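Undergrad: Can you make the complete structure from the sequences, with help from the hints?
Residue numbers (my numbering), protein chains in the order written: chain A, 1 to 450; chain B, 1001 to 1255.
Careful: at least some of the hints might be erroneous.
To be verified - FRET-style restraints, in silico, Cβ to Cβ:
1. Tyr1213/B with Leu40/A: 37 to 47 Å
2. Glu1144/B with Ala273/A: 35 to 45 Å
3. Asn1044/B with Ile284/A: 55 to 65 Å
4. Asn1030/B with Leu40/A: 41 to 51 Å
5. Asn1226/B with Ile362/A: 55 to 65 Å
6. Asn1044/B with Lys206/A: 57 to 67 Å
Calculated directly from the structure, the hints in this document are not laboratory data.
This structure is a prediction, so every number in the text was calculated from the model and none was measured.
Ideal Cβ placement from N, Cα and C applies to all residues, glycine included.
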Amino acid sequence: MRRFAFLFTICLVFLNLSAQSLFQDAGKEAAAGEPQQPALKLNGFARGVVFGGGEKYELATTFAEVALQPQLRSHSAFLQADIRLRKGVFFDEDVQLIDFKELYAGYSSLKFDLLLGNQVVSWGRTDGFNPTDNITPKDYFLFTPDPDDQQLSNFLLRAKYRFTPAVELDVIGVPFYKPSVYKYDLFDMGANVSFAEQLLPEKKLKNSAVAARLNVDLPAAGWSLSYFRGYDPYHGFEVAAVDWSTGSPVITNRPASYLKTSWGADLAVPLGAVIVRAEGAYNITENPDAKMYIPMSDFSYVGALEANVGGLTVIAQYVGKYVPDFTSLVLPVLTDPLNPLAQMQYANAMIDYENRQFNRRIFHQQERTNHAVALSLTKSVGYDAWELMCTGYYDITSEEWMIQPKVTYKISDALTASLGGNYMHGPNKTLFGYASTIMNGAFISLKVSF
Amino acid sequence: MKTTIISILIFCAFALTAQNAREISHKYMNATEVGDMEMISTINIYDAKGNVRTRQISTASRKFSESTKMLIRFLAPADVKGTALLVYDYEDQDDSQWIYMPALRKVRRIVSTEKGKNFMGSEFTNADMSRPNQQDFDYQLIGETTLEGRKCWKIKATGKTDALKLQNGFSSNISYIDQQTFLCYKIEYFDMSDKLHRIQYITDYKKQTNGKYFAYRMTMQNVQNNRKSEMIVDKFQSGSKLPENTFSPAMIDKF
Chain A
1 MRRFAFLFTI CLVFLNLSAQ SLFQDAGKEA AAGEPQQPAL KLNGFARGVV FGGGEKYELA
61 TTFAEVALQP QLRSHSAFLQ ADIRLRKGVF FDEDVQLIDF KELYAGYSSL KFDLLLGNQV
121 VSWGRTDGFN PTDNITPKDY FLFTPDPDDQ QLSNFLLRAK YRFTPAVELD VIGVPFYKPS
181 VYKYDLFDMG ANVSFAEQLL PEKKLKNSAV AARLNVDLPA AGWSLSYFRG YDPYHGFEVA
241 AVDWSTGSPV ITNRPASYLK TSWGADLAVP LGAVIVRAEG AYNITENPDA KMYIPMSDFS
301 YVGALEANVG GLTVIAQYVG KYVPDFTSLV LPVLTDPLNP LAQMQYANAM IDYENRQFNR
361 RIFHQQERTN HAVALSLTKS VGYDAWELMC TGYYDITSEE WMIQPKVTYK ISDALTASLG
421 GNYMHGPNKT LFGYASTIMN GAFISLKVSF
Chain B
1001 MKTTIISILI FCAFALTAQN AREISHKYMN ATEVGDMEMI STINIYDAKG NVRTRQISTA
1061 SRKFSESTKM LIRFLAPADV KGTALLVYDY EDQDDSQWIY MPALRKVRRI VSTEKGKNFM
1121 GSEFTNADMS RPNQQDFDYQ LIGETTLEGR KCWKIKATGK TDALKLQNGF SSNISYIDQQ
1181 TFLCYKIEYF DMSDKLHRIQ YITDYKKQTN GKYFAYRMTM QNVQNNRKSE MIVDKFQSGS
1241 KLPENTFSPA MIDKF
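TA: This is the structure we're talking about:
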């Protein structure tokens, strides 16, 4: 309660400052000569979404949702919210919730911004693959036509300072850790494998995350340097327990988070009709006890070319990862098949091996150097009423691939229909191999904006 | 000898006409050069059946030392509200452009090689939203006519190269320029096959405090598909006191 009182206090302190520009006043309805009042604007949308046709669930996700996005603003002070009221069925479970996707107050001037509350932060100049984007967790199992729906906000304090119009320093503190959502419990990993609830780091300041980014945007090029220190939302999992009471192993896995330090950089350079983008981060982890859920230190990098060819926007990306201290996992060998103790040791070693292997797949650390490519094609037709989009991804190292076509049609200014699909494929025991039974399918969405 | 003299005379006449045409066009550009400004405008887009879609934008433009910087913010419809476009327009090099889309939560640098693309789904093109670079066109005075009681010159502007024609989305246009005020009231655009494609009607000129004129209404009629778009200036302010920081990529995501 105190926290909310503080948020509103920040907001109210700066009320009653008047705006001074036609451009800045656009959309406000104050009569000429009247003092500018704090402006409350309400936007949002309502929609229905159906995703289905997969192997495991005929209708994996069906829901209706209202998004209320009020803004209270008076010149330099503002309050912003994105409140979702959602009701539906997700993987055979009835869900009815009120979600504050974003709720924050702030002060914003030409030189300085200060924002406090639940916010989504999106860093990085490449598309969809962002090694420097470590703050905002994702819900990878919320299927909608809009990728932004997968972004989950954190409570955070954010300060931005602009040294010049082109140079900005962004500093962020995240007091409490929030992990990304993977629903591995939905995967068909065998009847003897289950997943327990994640143990989150204690809510203490020593477990908080800090991040900073120096961003430069000049006409000739834009680039940034960034730093992150904290628990990675993109977590792994550990073997919490192995129960041998039935004679065969019953394995309980548990999501587990790890600390990392990440130094990153990104770049965008226009070269005639093409934009070259690049982004990379050196991720440093410490793992003296060889925990399976902690990845090895690595260098993640993305190189991209974007061009517009006859109205078709083409984005081609290379996604790579280099693991300097890579060591291969050693497949256990049963040395004495007739010895029950050796059999037990072998079984435990195999459980450990398989789960370490799966964590490496999650972290894309299957080889010392890992490669993937992605291609995205977008075209607007019919006076922008139709948007056709197709994204493809191929992981050269693991041989997993995915394709996502989507068609969006603006039926009217307020009503938009989307139709699309998701098809992924991967070899046995790969992420895409497991996920394909759940995530392959088609979606349709009808959205009214206001 | 006689042939040579006639050729020289014809060449001189042609050069004089071209020079006059360019000067007239330049005077029109000069008469409507409002410089720094802020405005709110509405675009109504009518399809061939008369169904209408409406967009509203706010625009601010200021000239700084190295470029003219323009910020366009989309106010309506609701699904694009909050989208913003920042353009640095240089005299001697390609524009720099950034876009902010709320759904991406990122400011993205973009390259726009398509000046001929429809602006916000209307009959106007991106090229129509900015002042043409006179160096890209050859000008020709092709006649005189009377338009709604105004005696006008007909000036034909033809793209100098095929690449420029493709980039602008038209091969040539004919402007109807008032002989007294040097204001343009009508422009006919011809497609790459030299067929009449669009006709722009420019009306409601108002004199600004700096003596320049600004058109408060433009209508673009597509004669090939019977679509029509009209841009109406709801509010206009000559001059702008917005500081340079406002025209920076770091600021375009501010609502």
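Undergrad: Hints first: check each against the structure and report whether it holds.
TA: Hint by hint, here is what the structure shows:
1. The hinted window of 37 to 47 Å between Tyr1213/B and Leu40/A holds, with their beta carbons roughly 38 Å apart.
2. In this structure, Glu1144/B and Ala273/A meet the distance hint of 35 to 45 Å, their C-beta atoms being roughly 41 Å apart.
3. Here the CB-CB span from Asn1044/B to Ile284/A is close to 57 Å, well matched to the stated 55 to 65 Å.
4. Our hint of 41 to 51 Å for Asn1030/B and Leu40/A holds, since their Cβ atoms are close to 44 Å apart.
5. Under the hint 55 to 65 Å, the C-beta atoms of Asn1226/B and Ile362/A, about 56 Å apart, fit the expected range.
6. Distance hint check for Asn1044/B and Lys206/A: the Cβ-Cβ separation is about 59 Å, which falls inside the suggested range of 57 to 67 Å.
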